[in-house]
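Based on the provided sequences and hints, a complete structural model is requested.
Per the working numbering: the sequence shown ends with 1091, consecutive numbering throughout.
Please keep in mind that the hints were generated in silico from the structure rather than gathered at the bench. Do not take every clue at face value.
Listed next, the in silico DSBU-like pairs over lysine-lysine satisfying Cα-Cα at most 35 Å (straight line) [said to hold, decoys possible]:
1. Lys1027 x Lys1008
2. Lys920 x Lys904
3. Lys904 x Lys843
4. Lys1027 x Lys904
5. Lys920 x Lys843
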Amino acid sequence: MPAFTATAPAKIILFGEHAVVYGRPAIAVPVTALQARAIVRPELRAPHGQVRLLAEAIGLDALMKDLNPDHPLRRVVELTAQELGAAYLPACQITIQSTIPVASGLGSGAAVSVAVIRALAAYLGKSLADEVVSTLAYEVEKIYHGTPSGVDNTVIALRRAVYFVRGQAIQPLRVGRPFRLLIADSGISSPTATTVAEVRAGWQQNPADYEDLFDQIGAIVQQARLLIEKGQPEQLGDLMNRNQSLLEKLGVSSPELERLIATARQAGALGAKLSGGGRGGNIIALVDERSAPGVAASLSEAGARGVILTTVQ
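The structure is reproduced here in structure tokens:
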């Protein structure tokens, strides 16, 4: 039997991180230059139901039954099998490969989940609707993030830009005119669950101030949506800068991120902000064809571990 392979892109949040957990909107887009891949190979000589999981990047080579029941990879396999009505999977080996940095706000966990779900479905000769894939991946996101917003699994499963409000129907976002973003990796690992929990603790202690910050972020997201749909992306830069200021007030930025953001702006970016949970991970910078090379070079010289140019369309 052949191997069954599925891939899933990374994602970035353009606007609305953290506030989205509290009912405000967010805009997120896929990043196809970075991918997670799941490969399911039949193991004809292994006992029925045996699943071996391999993920070299994290040093994993184990039988699924030997993993903790809350291990994300075990959980996504079991949820998918349950959804597909398979009490026992035909013996197989699932190999995970990914070019998406872990704990950097790019949705690495959700991308792996989506790739595994689709590869397993193909292995069993079935397919799942995007919305079902997203729902299954969301259940695994709870392990990674504690109180996930649902943005990661949504945009990665749909593979397109979305305007997202938690608890409401997904709204695909029409991009009136393509625009360019640089994604710069700070090189600092920062699990989203940590910053999400700290923001929640601050909100619980001082709900009025935090709700005001969330409202301001939500208003920026709504303005950004209109500009994107109208094909006026060059005006997004100021909104990015304002969103970053509010994220700093939430306490989720860091000196390292702010240094890269300042570097991007000084080199000619129209705007820049952190993307994702914060404290580490990535910044994004709005650039045009003329400014992109210089901004990318400046970010690399300033210590960014990697700089990726992506087009939102």
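Against the structure, the hints come out as follows:
Note on Lys1027 and Lys1008: the hinted pairing holds, with a Cα-Cα distance of about 30 Å set against a maximum of 35 Å. This hinted pair checks out: Lys920 and Lys904 have alpha carbons roughly 26 Å apart, not beyond 35 Å. Restraint check: the Cα-Cα separation between Lys904 and Lys843 comes to about 24 Å, which is no more than 35 Å; the hinted pair holds. The hinted pair formed by Lys1027 and Lys904 fails the criterion: a straight-line CA distance of about 47 Å is larger than 35 Å.
Our distance criterion of 35 Å between C-alpha atoms is met by Lys920 and Lys843, whose separation comes to about 21 Å.
In the structure shown, a violation is registered for the earlier hint numbered 4 alone.
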